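Note that the protein sequences, when read in sequence, are chains A and B. Our numbering numbers the first residue of the first sequence as 1 and each following residue consecutively. Our numbering numbers the first residue of the second sequence as 1001 and each following residue consecutively.
Calculated from the structure, these hints are not laboratory results. Owing to the predicted nature of the structure, the values given are computational and were not obtained by experimental measurement. Note that the Cβ used here is the ideal one computed from N, Cα and C, for glycine as well. One or more of the hints may lead you astray.
[What the hints assert, rightly or not] Reference listing, derived: stretches of chain A covered by chain B, where coverage requires no fewer than 3 residues with Cβ under 8 Å from a Cβ of chain B: (1) 6-20; (2) 101-115; (3) 202-213; (4) 339-352; (5) 375-388; (6) 405-413.
[To be verified] Below, simulated DSS-like cross-link-like pairs (lysine-lysine); rule was C-alpha separation at most 30 Å, straight line: (7) A/K476 - B/K1106; (8) B/K1106 - A/K166; (9) A/K5 - B/K1131; (10) B/K1110 - A/K42; (11) B/K1003 - A/K433; (12) A/K138 - B/K1003; (13) A/K346 - A/K395; (14) A/K152 - B/K1110; (15) A/K346 - A/K261; (16) A/K7 - A/K229; (17) A/K23 - A/K7; (18) B/K1003 - A/K152; (19) B/K1110 - A/K141; (20) A/K345 - A/K422; (21) A/K419 - A/K395; (22) A/K152 - A/K346; (23) B/K1110 - A/K138; (24) A/K229 - A/K175; (25) B/K1106 - B/K1076; (26) A/K476 - A/K10; (27) A/K141 - B/K1131; (28) A/K42 - A/K346; (29) A/K419 - B/K1110; (30) A/K138 - B/K1046; (31) B/K1048 - A/K419; (32) B/K1003 - A/K42; (33) A/K431 - B/K1110; (34) A/K422 - B/K1048; (35) A/K138 - B/K1076; (36) B/K1048 - A/K42; (37) A/K346 - A/K282; (38) A/K422 - B/K1106; (39) A/K10 - A/K395; (40) A/K422 - B/K1110.
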Amino acid sequence: MGNDKYKIQKIDAYRWRIPREGKMRVDGIVYADEHMMEEIQKDESLQQVINVSYLPGIVSHSLAMPDIHWGYGFPIGGVAAFDMDEGVVSPGGVGYDINCGVRLLRTGLSRVEISHKLESVVNTLFSNIPSGVGSHRKDLKLSQQEEKNVLKNGARWAISQGYGTKEDLEHIEEKGCIPGADPELVSDRALERGRAQLGTLGSGNHFVEVGYVSEIYDEDIARALGLEKDGITIVVHTGSRGLGYQVCDDYIRVMIDAARKYNIELPDRQLCCAPINSPQGKEYLAAMACAANYAFANRQMITHWVRETFESALHVTPKEAGISLVYDVCHNIAKFEDHIVDGVKKRLCVHRKGATRAFPPNHPETPEAYKSVGQPVLIPGDMGRCSYVLVGTEKAYSDTFGSTCHGAGRVMSRNQAMKMAKGRSIAQELKEKGILVRADSRATLDEELPEAYKDVTEVVDIVEHAGISQKIAQLKPLCVIKG
Amino acid sequence: MSKYILIDHTADIGIDVFGATLQELFANAAFALFDILTDLPVVAGKDKHTITASGIDREQLLVNWLSELLYLHDVKNLLFRDFQITDMTDTQLTASVSGEPFNEEKHVIKTGIKAITYHNLSIVQADHQWKARVIFDL
């Protein structure tokens, strides 16, 4: 396979190499099967894998997960790790929606117990969780000082304000707070955008979805994660809202100047970057941590309102609802982590742009409760099909800097999706399949129609066959709210 | 001749925008941004605003100009419909724009736009007209 621009070599059934050539510093490696690889070549995403490999200090490979699609700068589904001394950090390798991520909640309820009350659940969720332009909770007013506390403390701030319990923190990547956050490095504009948007879902592909465990692939591990067949689950997908977008925007401007200053040649201006150890690199990372913490707090607050929704819509006590956090993962982030490179343990700055951390059993950062089974990985699909719960593996740790896919990945542009949805009612079609949807705008539903995405099952099967994650359970949607 | 066309980008949305002059090109890019964001014909040009933007070159100026409008939309819930670039060099511009605050009874948000990216960004002159390509993060 290949074309006139680059070569593609098949490594095995699920991995492809783009060999180092010209200005590439390392090979590109793409996780995909033959069919998917053909699809992937239709857009510019492989060129983006190559572009990332040009960046100084990149270690081992420029990686792409099977949900790879054309992004800006990094491909979506891209993973790259950089040497602490020679490497760079790039805001374009994290994205605008810093710490966009997913959390999974389990409940003490089963499908039969709530099936007749879904209408009430979805309507209450839609009124309790703000989505859409300018909407926010009337009971939430944040001073600038308080907002800075959010940025410093993340989900810990939310817990201190009564949004959830201390136990929740144990089940969040980084325990809900990335260290090194310095709110003084976040612009007034970013603070201004963030103030009114804390505790809001946002638009596009962000959602809260109530579903049930439809399939279990490993009984023992599912039990360890607190998942049982037909148990009700909730998935929350959102990020750092306007605050994160503004932090990224502000620092891209800084990095364009920095890349010139440090003589870093850029194949795409969106990949602008600075050495990790430079003042610009350090400042971005401290501001990025603020946005990441804001996103953790955001998902924590939404979790609290999900709990309240279940209690009021189903007339149950918190104990009866039994809503607890399985796990919360980031999928747009840069982090310092230890990995083994050529047999030597090295501290690296790992960028995951639309990819999920997937640490193995017994890793120090795998939470206590999951030490023996591995870190949970949550892979949401589109509105109409299903989502998956996986766990991280040793192979992910050794081959992909402990990373795996993050979702289905789009296969259709929004423009194509809108055309495809013309004359149809997506909400009605989903209702006929037993899925209730509430959205702030019809356009959101049209753009997000199920066919616009790759089949998440294909994506997940590839990461499982390639050994970088293990499939534990499948979740099917019952009701969804979207921004 | 249309002011812009949508280009197919898998995850996000891209535009090719046209103008007889650079001023018109920049005004049409702003029009495209709000035309994608909302149902523009129902937005009234009630309130006038003067906006300035700067950048290290033409390309960054375009990103910063559109980002400025997006920031005002996000923070002040404003929708804009008419754009006039009154003064412009390669590194700074002043514009007169009009629009009105978002009102959920009247307006819709068709597509939420998170940011203006630099990916594949270009401004070129060909056949006596200007053309720019911009990709928005959704």
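Here's how the hints hold up against the structure:
1. 6-20: violated (count 0)
2. 101-115: Three-residue rule not met by the region 101-115 of chain A, so violated; n is 0.
3. 202-213: holds (count 3)
4. 339-352: Per the Cβ count (0), the hint is violated.
5. 375-388: Since 0 is below three, the answer is violated.
6. 405-413: This one holds; 4 residues, not fewer than the three required, reach chain B with a Cβ under 8 Å.
7. A/K476 - B/K1106: 36 Å, violated
8. B/K1106 - A/K166: Since the Cα atoms of B/K1106 and A/K166 sit roughly 43 Å apart, the hinted pair is violated (cutoff 30 Å).
9. A/K5 - B/K1131: Holds, at about 26 Å.
10. B/K1110 - A/K42: Roughly 27 Å separates the two Cα atoms, so the pair holds.
11. B/K1003 - A/K433: The given pair, whose Cα atoms are some 41 Å apart, is violated under the 30 Å limit.
12. A/K138 - B/K1003: Between A/K138 and B/K1003 the Cα gap is close to 40 Å, so the pair fails against 30 Å, i.e. violated.
13. A/K346 - A/K395: Roughly 17 Å between the alpha carbons, so the hint for A/K346 and A/K395 holds.
14. A/K152 - B/K1110: The given pair, whose Cα atoms are some 34 Å apart, is violated under the 30 Å limit.
15. A/K346 - A/K261: With a Cα-Cα distance of about 27 Å, the restraint between A/K346 and A/K261 holds, given a limit of 30 Å.
16. A/K7 - A/K229: 45 Å, violated
17. A/K23 - A/K7: Within the cut-off at roughly 14 Å; holds.
18. B/K1003 - A/K152: With Cα atoms ~45 Å apart, B/K1003 and A/K152 exceed 30 Å; violated.
19. B/K1110 - A/K141: Status holds; Cα separation ~28 Å.
20. A/K345 - A/K422: The hint is violated at about 54 Å.
21. A/K419 - A/K395: Cα-Cα ~41 Å, so violated.
22. A/K152 - A/K346: Within the cut-off at roughly 27 Å; holds.
23. B/K1110 - A/K138: 24 Å, holds
24. A/K229 - A/K175: At roughly 28 Å apart (the allowed maximum being 30 Å), A/K175 and A/K229 satisfy the hint.
25. B/K1106 - B/K1076: 17 Å, holds
26. A/K476 - A/K10: Between A/K476 and A/K10 the Cα gap is close to 34 Å, so the pair fails against 30 Å, i.e. violated.
27. A/K141 - B/K1131: 44 Å, violated
28. A/K42 - A/K346: 36 Å, violated
29. A/K419 - B/K1110: Distance ~14 Å between A/K419 and B/K1110 Cα, so the pair holds.
30. A/K138 - B/K1046: 28 Å, holds
31. B/K1048 - A/K419: 35 Å, violated
32. B/K1003 - A/K42: Answer holds: B/K1003 to A/K42 is near 27 Å, not above 30 Å.
33. A/K431 - B/K1110: 22 Å, holds
34. A/K422 - B/K1048: 35 Å, violated
35. A/K138 - B/K1076: 17 Å, holds
36. B/K1048 - A/K42: Distance ~44 Å between B/K1048 and A/K42 Cα, so the pair is violated.
37. A/K346 - A/K282: Status holds; Cα separation ~19 Å.
38. A/K422 - B/K1106: 22 Å, holds
39. A/K10 - A/K395: Cα-Cα ~19 Å, so holds.
40. A/K422 - B/K1110: Roughly 14 Å separates the two Cα atoms, so the pair holds.
In this structure, the hints that do not hold are numbers 1, 2, 4, 5, 7, 8, 11, 12, 14, 16, 18, 20, 21, 26, 27, 28, 31, 34, 36, in rising order.
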